[in-house]
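Let the hints inform the model, and build the full structure from the sequences given.
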Amino acid sequence: MLKAALKGLLARKLRLTLAGFAVVLGVMAVSAAMITTTTIGSGFDSIFASTGANTDVSVSGKSDVDSGMGGRAFAPPVPASVVADLEDVPGAKSVRGEVSVDGARPVGPDGKVISVQGPPRSGVAWHGETGLVRLWSGRGPTAPDEVAINGGLADRGQFTVGEKIDVLTLAPRQSFTIVGIYGYSNGRGSMGGDTQVAFTEPVAQKLMLGASDVYSSVTVTAERGVSRSALRDRVAAALGDGYTVRTGDELAASTAEDGKAFLDIVRMVLLGFSGLSLLVGIFLILNTFSILVAQRTGELALMAALGARRKQIVGSVLVEAAIVGAAASVVGIGLGLGVSVLLTMVMEANSGASLPVGLTVPVPELVLAFVLGVVVTLVAALVPAVRASRVPPVRAMRASAAEQRSLTRITWLGAVPAALGVAAVVVSLADIGSLRWVALAGGVVLGLFGLALLTPVLSRSLLPALGRVVGWSMPSKLGNRNAARNPRRTAITVSTLVITLGLVGGVSVIAESMRADLSASATRDLGADLVISGDGVAGRAGGQGGGPPTAADGRIMPTFDASVVDQARAVPGVSRAVAQYVDTVRFEWGASPAAAADLSQLSAVLNLSARTPAPGSVALDSATLSDHGLKVGDMVRLATQRAGWQEFRIAGGYEANYLLRGPVFNPSDVASLFVSAAPAIGYVQLADGADAATVTRAVSRLVADNPEVSVQDRTQLADDAAGQISIAETMLYVLLGLSVVIGILGIINTMALSIVERTRELGLLRAVGMRRSHMVRMVVTESVVMSLFGAVLGLAAGGAAGVAVVRVLGLSATEIPWVSLAVFLGLAVVAGLLAALAPSTRAARVNVLSAIAYE
Amino acid sequence: MTTTAVENTDTLTGLAARAVGVAKAYGTGATAVVALDDISVDIRRGRFTAIMGPSGSGKSTLMHALAGLDTVDSGEVWIGETRLTTLSDKGLADLRRNRVGFVFQQFNLLPTLSAEENITLPLAIAKRTADQAWFDLVVDAVGLADRLTHRPSELSGGQQQRVACARALLPKPDVIFADEPTGNLDSRSGAEILRFLRRSVDEFNQTIVMVTHDATAAAYADRVVFLQDGKLVHDLVEPDADEVLDTMKTLSEGDS
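Protein chains in written order, with full-length UniProt numbering: chain Y, 1 to 855; chain B, 1 to 256.
No lab work stands behind these hints, which were simulated from the structure alone. Glycine included, every Cβ here is placed at the ideal spot set by N, Cα and C. One should not assume that every hint holds.
[As the list claims (entries may be wrong)] If you only want the chain B side, here are some residues facing chain Y, beta carbon under 10 Å, derived:
#, residue
1, G80
2, T82
3, T86
4, D89
5, R97
6, F102
7, F104
8, Q106
9, P111
10, T112
11, E116
12, L121
13, A124
14, A191
15, M248
16, T250
In C-alpha cells:
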C-alpha cells in the first residue's frame with residue numbers, strides 16, 4: 001500500500017506542488033516570524049546587556065499615567081535632592097544623576113527631522129568618558145550651545161565635528177555646535193540604532209525634562225562586597241514609594257524590551273499572513289486531494305476489489321498528504337530562513353542597528369511550524385480520503401469520476417446556520433447593549449459557515465446569470481455550462497476567493513465609512529479655518545483614531561513655540577488664534593486625553609460654549625461627568641504626567657466633540673502638569689473678507705523652521721484624519737493580495753483537472769468544428785465565470801457584514817465604496833484570466849484523434 | 001428543402017470526397033507500421049459507402065484522413081473541390097464545422113447541453129441558425145421530437161446516438177463520417193440508426209461514409225470497400241449481408 005502511494009505521488013508531481021504551495025507560504029511566514037523576532041530580539045538583548053554593566057542600581061520616577069499603549073512611558077523626573085539622599089545609603093559607593101530621555105529630534109541636512117523606526121532618539125547629559133561612553137573625536141560639550149553626538153547620528157546625518165546641528169526637544173528648535181562624536185565601549189556608534197545628542201547637564205535638564213535640577217534617573221554604584229540586589233533593596237527602602245528602583249541587569253532587560261516593542265508588530269503581521277494562507281491553504285489542499293482521489297476512484301476501487309481494507313485506502317491517501325505536507329513545510333522553513341535574513345537586513349538598514357549575532361534559529365518554534373504544516377495538510381486531506389474509501393468497488397470502477405450527488409442535504413445543512421447568522425446580525429443592529437458585538441460576531445461566523453455550504457446551490461442560480469454577462473457566443477456558453485457542471489467542486493474552488501474577497505469587501509465598507517465619519521466629524525466640529533499641528537496630532541487630540549498623541553506613548557508629539565500663536569494673531573486678516581496643549585492623564589477609571597487651553601477662546605473655534613477654568617481647576621466634558629456621577633463644583637482625582645495624582649475642582653462642563661474630550665486645564669498649569677509645555681495645536685480663524693491663501697502663506701512662514709509642524713486648512717485636516725485609515729486599509733489589501741494568488745492556484749488546479757476529465761468532449765468539439773481560439777475562449781469563460789462568482793459572493797457577504805459592523809460601531813455614515821468594489825470585481829476577472837492561461841492552452845492542444853478514438 | 005433536392009440532383013454524378021495515392025505510417029525505421037499504403041478511393045455524392053476490414057487494416061485511419069482529422073504522409077485528400085492536405089488547422093476546423101459531419105461509436109454528446117442544443121451545436125459554433133422546417137424534419141426523422149429538452153444523461157444509448165445522427169445531418173454537410181455507429185448499441189437500436197442513415201441517403205441525398213466490422217451493418221450501404229494491411233483489396237456494389245460475409249471470409253483465408 002505504501003509503495004503504491006509513493007508511486008502515485010511521483011506521477012502527480014505538478015498537482016501536488018500546487019497543493020503544497022499554500023502550505024509553503026504559510027509555514028514560510030510562521031518560521032520567518034519566529035526566526036526574525038528571535039534573531040533581532042537576541043541581538044537587542046546582547047546590545048543592551050552592556051548598558052547594565054556599569055550601573056549597579058538605577059532610580060527613576062514612577063509614572064502614574066500608564067497610557068496602556070506599551071512602549072516608553074514618560075517617567076516624572078527625579079529631583080536633584082535624591083542624589084544627596086542616596087549618598088548616605090550604606091554600600092553606595094557613588095551616586096550620580098543622569099539625563100537620558102527619548103525625544104531629541106535632530107534635523108538632518110535635508111531640513112527634515114531624522115527619524116528612526118523603533119529605537120529612541122535620546123537627549124542626554126554629558127558626563128565625560130565614563131561607563132560606556134568613548135569619545136571618537138573632539139571633546140564633550142562645555143557651553144550651553146555645544147553638543148556631542150553619537151556615531152549613529154553622525155552617520156545618519158553626515159555630521160562632523162565643528163558643524164551646526166539643529167535639535168527639536170520639549171523646547172522648540174535650537175541650534176548647537178557639534179564639538180565631539182562618541183561611541184560605546186563595545187566599539188559601536190549606536191545602541192540598537194538609537195541616535196543621541198549629549199548636552200551639558202543644565203541644558204539637558206531644561207530641554208529634555210523641562211525643569212532645572214532634575215534627573216531622568218539616578219545611578220548608584222555599589223561598594224565592593226555589596227550585591228546589586230541588596231543595594232537595590234536598601235535604596236528602595238531609603239526612598240520609599242514613588243520611585244522605580246532597579247538593578248543594572250533589570251534596567252538592561254527593560255531597555256532591551258522597550259527596544260524590541262516594534263518586533264511585536266512585525267510578529268503580528270507575519271503571523272496574521274501565515275494564518276490567512278494556512279486557512280485558504282486548507283481549501284486548496286482539500287480541493288486538490290478531492291480531485292486526485294476522484295481521478296483515482298477507479299484505481300482505489302481496484303485496490304478495494306483486490307482486498308484492500310477501507311482503513312488502508314484512507315491510509316494511502318493520508319500518506320500522500322503527509323509527504324506533501326512534510327515536503328512543503330521543509331521548503332517553507334527554508335524560505336522562511338531566507339526571508340528572515342532579508343528582513344533582518346532591512347531592519348538593520350532602517351534602524352541603523354547592526355546586530356552582534358548571526359541568525360538565531362529557534363528550533364522548538366520551527367518544529368512547531370513544521371508540525372503545523374503537516375497537520376493542516378492531513379486535516380484537509382482527511383475528508384476526500386474518507387470519501388474515497390466509501391465508494392463501493394464496483395460502482396467506482398464503472399462510473400465516471402465526476403459523479404453528481406444531490407445538493408439537498410448540504411443545502412439544508414447550510415440554510416440553517418445561514419438563517420441563524422442573518423438573524424443574529426439583524427438582532428445586533430437593534431440596541432441591545434454590550435451583547436451587540438457578541439451577536440454580530442456570532443452571526444458573521446454562522447453566516448460564513450452557512451454560506452460555504454450554500455455555495456454549491458448558489459452556483460446553480462448565479463453562474464448562468466454571470467455567464468450571460470461574460471459572453472453570448474457558443475464557446476462562452478459551453479464554458480459557462482462547464483463552470484456550473486459540478487457545484488461542489490466549483491464551491492471548493494472558489495472558496496478561497498470568497499473568503500479573501502469577503503474580507504476585502506468588509507474592510508472596504510468599514511474603511512470607507514470610517515473615512516467619511518472621520519472627515520465629517522473633523523470638519524463639523526471645527527470652526528477654525530486653519531490648523532497648525534504636526535502630522536495626525538489634531539486628528540487624534542479628541543482621543544479618536546488611535547488614542548491621544550502624547551510624549552508618553554513612545555511617539556514624540558510634535559509641538560511648536562507658543563509665540564507662534566501670538567504672532568499668528570497679529571497677521572493681518574486673522575480674527576482669532578488659539579493654542580491647545582495636549583497630553584494624556586489618568587482618572588481612577590482609566591486613561592483619557594487631556595488638553596489645556598484658553599477654553600473661552602477655544603470654544604469659539606470648536607463651536608462650544610465653555611469658560612476657561614481657573615488655574616488648578618478643570619473643565620470636563622459632559623459625557624465624562626454623567627458617566628461617573630460628577631457635577632460642576634465636585635473634586636476629581638486624576639494623575640498627570642508630571643505631577644502624578646492630584647485633586648482638581650471641576651470648574652465647568654462642555655459638550656465633547658471630535659477634537660476635544662477629557663479634562664481641560666488652564667494654560668498656566670501646563671508647565672507643571674504636562675510633559676510638553678509647548679502647544680501641539682494652533683487654531684486660526686480668518687476675519688471676514690480676508691484672503692485665505694495670503695493668510696495661509698503668512699502663518700506657514702511662522703512655522704517654516706519647524707519641520708514637524710505644518711498649517712492645514714479644513715479639507716487637508718479632514719484628509720489627514722481619514723488618511724490613517726487608508727494606510728491600515730492598504731496594508732491589509734497587500735496581505736490579502738497574497739491569498740488571491742492562492743485562490744488563482746486553486747482555479748488552475750480545478751481547470752487542469754476538468755480538462756483531463758473532459759478530453760473526449762474537447763476532442764468532439766474540435767471534430768464538430770471548434771477552432772483553437774474557440775477552445776481558449778471556452779476555458780477562459782469557465783475560469784472567469786468561476787472567479788467572478790467567488791468575487792460576487794465574497795464581496796456581497798463581506799460588504800453586508802461590513803455594513804452591519806458600521807451600524808454597530810455607530811458611525812455617522814454607511815458608505816459603500818462602489819468604485820473600489822467594481823475594481824475588486826475587475827481584479828477577480830483578471831485573476832480568472834490568469835488562472836485560465838495554462839489550462840486553455842492545454843485544451844486548445846487536445847488532439848482530436850486521441851480524444852475521440854475509443855479505447 | 002426544394003433547393004437542396006435540386007442541388008443534389010445536379011451534382012449526383014460528382015464526387016463528395018476522394019483520396020489520391022494516400023500513404024501513412026506510424027513510427028519510423030524497423031518499428032514502422034504502415035497504416036495506409038498508396039490508397040486511392042472516390043466517394044460519390046448521395047451514396048452510402050461502407051469501409052470494412054479486419055482490425056489494423058487501416059479502415060479507421062482512412063476515414064480520419066478523409067475527414068481531415070488526421071494528416072497523411074503523402075498523397076492528396078479532397079472534400080468536394082477543397083484539398084485538405086494543404087489546409088491550416090483553422091481551415092480544417094471551419095471545414096469540419098460546415099462541410100463534414102461525424103457520428104462516433106461513443107455517441108460523444110456534451111453532457112451540459114440539451115438534446116436540441118447538441119443537435120444545433122455545429123451551427124451555433126459557426127454562428128448559423130437552422131432552417132426550422134429542415135430542423136423539424138430531421139428531428140422527426142430520428143424520432144426525438146419529444147426528447148429535445150432532455151440532457152444526454154436522461155436518454156438511452158440509442159436515443160443518444162440518434163441525437164448524434166441528427167447533429168451530423170443538420171448542417172447538410174458534404175459528407176457524414178460514421179465510425180462504428182452501432183458498436184455500442186443493442187441490435188434493435190443499431191438497426192434504427194442504420195435505417196436512419198439509409199433514409200438520409202435515399203430521401204435527403206446525404207453522402208455517408210461508415211466504418212464498420214459488422215457485415216449486417218455494411219449490408220445497408222450502396223457500396224462496400226474492403227481494406228487489408230493498408231491496401232484497398234475489394235469493392236462490392238449493393239451487396240447483401242451474405243456477400244459481405246463471404247468476402248470477409250475470403251479475405252481472412254487469404255490472410256492465413
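Review point. Does the interface hint hold: is B:L121 within less than 10 Å of chain Y, judged Cβ to Cβ?
Key: The hint holds - B:L121 has a Cβ within 10 Å of chain Y, the shortest such distance being about 6 Å.
Check your understanding: With 10 Å as the cut and Cβ atoms as the points, is B:A191 at the interface with chain Y?
Key -> violated, 21 Å
**Study point:** Closest C-beta approach of B:D89 to chain Y relative to 10 Å, hint status
**Key:** Result: holds, 6 Å to nearest chain Y Cβ.
Point to revise | Restraint check, 10 Å cut-off on beta carbons, for B:R97 near chain Y | key: holds, 2 Å
Practice item. Closer than 10 Å between Cβ atoms is the bar; does B:M248 clear it against chain Y? Give me holds or violated. Key: violated, 21 Å
Practice item. Report holds or violated for the interface hint on B:Q106, using the least CB-CB distance to chain Y and a cut-off of 10 Å. Key: holds, 6 Å
Point to revise | Hint check: 10 Å Cβ-Cβ cutoff, B:T250 to chain Y | key: At 28 Å from the nearest chain Y Cβ, B:T250 fails the 10 Å test, so the hint is violated.
Exercise for review: Go through the hint on B:F102 and say holds or violated, using the shortest Cβ distance to chain Y against 10 Å.
Suggested key: Constraint on B:F102 satisfied, holds at 5 Å.
Practice item. Could you check if B:G80 really has its C-beta closer than 10 Å to a C-beta on chain Y? Key: violated, 16 Å
Review point. How about B:T86: closest beta carbon in chain Y under 10 Å, or not?
Key: For B:T86, the interface hint is violated, since the closest Cβ of chain Y sits about 18 Å away, which is over 10 Å.
Point to revise | Agreement of hint B:T112 with chain Y interface, Cβ distance less than 10 Å | key: Holds. Min distance 4 Å.
Exercise for review: Please verify that hint: B:T82, Cβ, nearest Cβ of chain Y, below 10 Å or not.
Suggested key: Because about 14 Å separates B:T82 from the closest Cβ in chain Y, which is outside the 10 Å limit, the hint is violated.
In this structure, the earlier hints numbered 1, 2, 3, 11, 14, 15, 16 are contradicted, and the remaining ones agree with it.
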